[in-house]
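Q: For reference, the chains in residue letters:
There are 2 protein chains.
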Amino acid sequence: MSVEAPPPELERRPDGEGSKTDDGKPAEDKTLYGVSPDVVERARKAIEEGKLDQIEKLVDELHPADFADLLQELTPDERKLIIKVCRHILEPETLNYLDEVVREEVMGLMSPGEVAQAVSELETDDAVDILEDLDEDEKRRILQAIPAEDRAVIEQGLTYPEDSAGRLMQRDLVAVPQHWTVGEAIDYLRANQDLPDDFYDLFVVDPMHKPIGAVPLSRAMRNERIAKLEDLMHTEFRAVSATMDQESVAYLFRQYGLMSAPVVDEAGRLLGVITVDDVVHVIEEETEEDLLGIVGVSETDFHAPPLETAWRRVRWLVVTLCNSAIASTVILQFEATIQQIVALAILMPIVAAMGGNAGVQVITVMVRALATRDLQPRGSNIWRVVGKEIAVAAVNAAVFALIMGTVASFFFGIPIGLVLGAAVIFNMIWAGIAGTVIPLTLARFNIDPAIGAGPFLTTTTDVFGFFSFLGLATLFLL
Amino acid sequence: MSVEAPPPELERRPDGEGSKTDDGKPAEDKTLYGVSPDVVERARKAIEEGKLDQIEKLVDELHPADFADLLQELTPDERKLIIKVCRHILEPETLNYLDEVVREEVMGLMSPGEVAQAVSELETDDAVDILEDLDEDEKRRILQAIPAEDRAVIEQGLTYPEDSAGRLMQRDLVAVPQHWTVGEAIDYLRANQDLPDDFYDLFVVDPMHKPIGAVPLSRAMRNERIAKLEDLMHTEFRAVSATMDQESVAYLFRQYGLMSAPVVDEAGRLLGVITVDDVVHVIEEETEEDLLGIVGVSETDFHAPPLETAWRRVRWLVVTLCNSAIASTVILQFEATIQQIVALAILMPIVAAMGGNAGVQVITVMVRALATRDLQPRGSNIWRVVGKEIAVAAVNAAVFALIMGTVASFFFGIPIGLVLGAAVIFNMIWAGIAGTVIPLTLARFNIDPAIGAGPFLTTTTDVFGFFSFLGLATLFLL
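One line per chain: the protein sequences are A and B, in this order.
In terms of my numbering, the first sequence opens at residue 1 and continues consecutively.
In terms of my numbering, the second sequence opens at residue 1 and continues consecutively.
Take these hints with a grain of salt, some might be off.
Because identical chains cannot be distinguished in the list, a pair is counted as satisfied if it fits within a single copy or across any two copies.
Below, in silico cross-link-like pairs of lysine-lysine (DSS-like), each with a Cα-Cα straight-line distance of 30 Å or less [said to hold, decoys possible]: (1) LYS228 <-> LYS80; (2) LYS139 <-> LYS51; (3) LYS51 <-> LYS228; (4) LYS51 <-> LYS210; (5) LYS80 <-> LYS210; (6) LYS388 <-> LYS228; (7) LYS45 <-> LYS80; (8) LYS80 <-> LYS139; (9) LYS45 <-> LYS388.
To be clear, the hints were calculated from the coordinates, so they are not data collected in a lab.
The whole structure should be built from the sequences, with the hints applied where relevant.
A: Here is the structure:
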């Protein structure tokens, strides 16, 4: 039996999405979930033909995450029409799923009252997430339209530093006193209407409202009504301070496989809770940031308009320009040598490229090890790590110097082959040293080792590569 | 009041970890959690001095995740001793937290019986995770030492394809018939000892054991005993097929912010459950893989021994060598031109570097957009995306051509400046085209657009850059 989509009763979704794609892969992997090209096509056609009821029906069937994706695939004009038609059925969560650029556009199409209404229906962390990106005027206008009680909670959320645990947390949680029994907790949950929609732990607090333990719901349900929460709670949960950086929060969740963690204020009082689903996108973001820095890209700008995208990319292009200008200055010093042996101009990019790639390999491993805290900038294993990388560099340098030297000897004569081999050895070992020392040094000074590590490094390998190759040639071949 | 670590009663951890670091940052961000350099130092000293009881005490206080980190920071000899001393208090989860290379080493220090004992205590997904990396002989030896019932479950887990939902899922879950009430479910949970440690949903199944809905525990607890589960369950959960690729599973969890998802077999029957904490590392891994491919690094090899690391990196160095050799062949064609105008050799790396960086920026955005399904290889917005990237490339190309042309004119004369400017325009626009078309084409043929996209691309920008610059110079300057 071939692997097909899960049985239809499991899923309510627009028809047509479960169909096989024409490249033979089972449908599940490509179009089972999310917005299929087919849905986008139908939406587009309905917009074009002005069939408003069809648009509404289609949007109504979509999960907010999918509706957000649909909006992002459309042109600004199409978005305008669809929002106009569907503003009354727009689920507030849709805003959270939108990319920042498109979200701003969509919110511009709604009245402040409508935005306020949507924001006040969201959980605190999602509401804060939307408001934090707005400019002061807009933020104030929307906040004023939100009911006082919700507003106070959101405003407090906004007082925490950007990218802190305070911004990630939900204020809604279930805290119970330590002397309660399972039965009392259940009765409280049944009687109290003002509780979060879904939660996974009961937090046990002392009279000062400091968390002293957590009882997973499954544990509470499996015990008799007379069991004391105090006896069921585990005390090994990890509390985070509201000002903790979200990167550290992500580290905690990943390191200990947490499902949720209580957030406390400076006095240790329970403020809110962070659940793992809030952290998933932080982990993804942080991983992405690490690696984008190495490539020399600031951020993904898929949804930004062309001019803004062009501007965002200028910074790294300027860095590249400066790097290569420095490398060119080095070459300039050896103008006379190149004039006499043009083969050098032909071979020099190879020396630089090999050093650059070897160095980027090392730096990538270092940056990830620092991010996952396998490596600490003041750890006792630093010298072992640096030593290993230099050993690795030396081995590969020897192998590639032999290959490249032999091939170059064949085409350009043995002296040039020898110089090339020597330069490759120097530059690849240099790459091993620079690839470990640069990120470790940046990390020691509390500078993000990813940002700029890559461009920094390739400048050094370019300069060192050109210098050693052309320098050795000048010394021995002229 | 300064931000300090959470109050001491929240945390049981070895003393010394909460201290402030000497660079003035609050301790929380750096050493509050995880293994601090101080703990590693103490462990090392205890090992050196042979104080076995101290080692045991120290390890006993550590979370398995932290113990795994400690093991990874030590040398193989130190690891050997610590395992010898602590094998009787080793928590099975420690193995899951270890890097593959170190895990193999540690398991080599244990007897098959000990490993079997540890594996059988783990949840299915964790047990499978450990066994799947072993060679056949070892796997069989360990499986034979596991009690028959546990073995059957693990063996079934191993039958699912690598990196599939079946490997990620836990078999332990709570499934209840649809006619049950909250009260019946609670009684069942209280009476039944053979249930998973922690769970978050009750899965409602029909008589064929097909899942028809899920009741979050919080909802079950908040309703009266007489409420029917059927009325409480939500039916919008996302079921995944056991053979679904883990990348798709990760996409689902991220797209819809899921906490858990039921896994079903080909007939739609409930097999197991995947929870978000199992998916966190998949999301991280997939993000990392995407971006590592662009940089031209296969995988992080922090814990691999030097020779193995050297070997793992050879592949990308060979790719780099071939790329730069191709570029050199292009330069070779213009040997005579360079002989006459050495300035070309000085400037040509700049043209190649600008094209390369611009192209990598584009390709990174494309690869991430494809991975997050913002962009689909057959989506209707492809031409808009390609058009935007070419527009962005044209704008930046014009700006940088003007700057670089002007500067080069100043140093090397106007003709060379004009040729440089023209070559930069050509190469950066080419980078925009290649940066969109290469990943989209690879994705269309179901090849991972990340793998090889980077090196592919820079070869084209190097070749195109050298060719256009030296070609234009040959045409107009000789």
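Q: Of the hints given before, which are not true for this structure?
A: Result: hints 1, 2, 3, 4, 5, 6 break, sorted rising.
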